[in-house]
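Asks: For reference, the chains in residue letters:
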Amino acid sequence: MDIKLNDFEGPLDLLLHLVSKYEVDIYDVPLVEVIEQYLAYLKTLQSMRLEIAGDYMVMASQLMLIKSRKLLPKLVEEKPVEESPEYELLNQLEEYSRFKLLSQEMGQQHDQRARHFSKPKQELVYDDSILVQDKTVVDLYLAFAKIMARKQEEFKYNHATIEA
Amino acid sequence: MRPYLAEIEALLFVAGEEGLSLRQMAELLDLPPSALIQQLEALQVKHREDVQSSLAVLETGQRYRLATKEGHADLLRQYSRSPINQSLSRASLEVLSIIAYKQPITRIEVDHIRGVNSSGAISKLLAFDLIEEAGKKEVVGRPNLYRTTAYFLDYMGINHLEELVDISDLTVKEESVNLFDKEELGDREEQHEN
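Protein chains in written order, with this note's numbering: chain A, 36 to 199; chain B, 4 to 197.
What the hints contain is simulated information worked out from the structure, not anything from laboratory work. Don't be surprised by glycine CBs; every beta carbon is placed ideally from N, CA and C. Only true hints are included.
No more than 25 Å apart at the CA atoms, straight line, and that leaves these computed lysine to any residue pairs for SDA-like:
no., chain 1, residue 1, chain 2, residue 2
1, B, Lys140, A, Gln127
2, A, Lys191, B, Ser126
3, A, Lys154, A, Gly142
4, B, Lys49, B, Thr71
5, A, Lys156, B, Tyr82
6, B, Lys72, A, Ala149
7, A, Lys181, B, Ala137
8, A, Lys181, A, Val167
9, B, Lys72, A, Arg150
10, A, Lys154, B, Ile40
11, B, Lys105, A, Tyr122
12, A, Lys181, A, Glu158
13, A, Lys170, B, Thr152
14, B, Lys49, B, Glu30
15, A, Lys156, B, Leu78
16, B, Lys105, A, Glu129
17, A, Lys156, B, Ser83
18, A, Lys186, B, Glu21
19, A, Lys181, B, Ala130
20, A, Lys181, B, Ile87
21, A, Lys181, B, Gln106
22, A, Lys156, B, Tyr7
23, A, Lys102, A, Glu58
24, A, Lys186, B, Glu136
25, A, Lys191, A, Glu86
26, A, Lys181, B, Glu136
Sample of chain A residues with no beta-carbon within 12 Å of chain B, all distances over it, derived:
no., residue
27, Ser82
28, Ile101
29, Lys102
30, Lys109
31, Ser164
32, Val172
Given these sequences and hints, build the entire structure.
Replies: This is the structure we're talking about:
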């Protein structure tokens, strides 16, 4: 295990990584095995006294529930498969994997656009232009708030590429 | 014969990154839109064929902008850093893609798809004007709905949302998820150096 938690965008991303190693369809993965790996991984991190985001813990408890249910013998088939927590988890995993892929595609699409540069709009001023008084105190407030929000983001990342 | 190409170029130059819509230019130049499109195409050809010109007319978000050609990107990157030329973090991109394809959508719904809290990414995307609030969802708590902005179209270099990658064209490739290919590790180390 040579992975760090900040390589992942949350528990679904980590699960997706564990699942992808089996190279089968998401719905065919040996779920109990994956769950054990996930829990083992979290345990390793904890023993190294690393801060683990709460989201990973919530997922761990969901996984434990799924695992315990899978291990217990079924008395009666109470619910259809579609409603079981494991099926829901697999659905979530599949949807997340699609968006993960889409966001990568979108990143590439933007990189194309980012190769073109423009200059800011030039504000032209003439003596005979008349002021249209269509702005209020609220507009002024929002305009300044927007500038501040942006600046804060920029300072956070120190004018470098925005890498979280 | 009026020098339409020069006039269009002058307008686009002053408008800068804000750009102009077809209708605005048609009114200013007193030209029917179809004739204007012809002139714009002529201007694009003129720029394209002149290798000693750095400019190109870009049509994104249904507005026309004067911008530099792709080839100068590396030179200009050393000099200019405007928001449109910066790339977003993985987290922000994920959130943006979910909002783009599922708009209007609430923060909770985005969180559910990603499995993590997305407040940070959403406030960043709001600050950069890539997304905006689109009313409230009529459920308990009346949470905000979010959608993408006109600037988002420009950011992606497209005119309509339909031009985004088609969800159904994507098959989830197992290897694309593997973070630990040697190549990828190399890429990531480079990123850390930057």
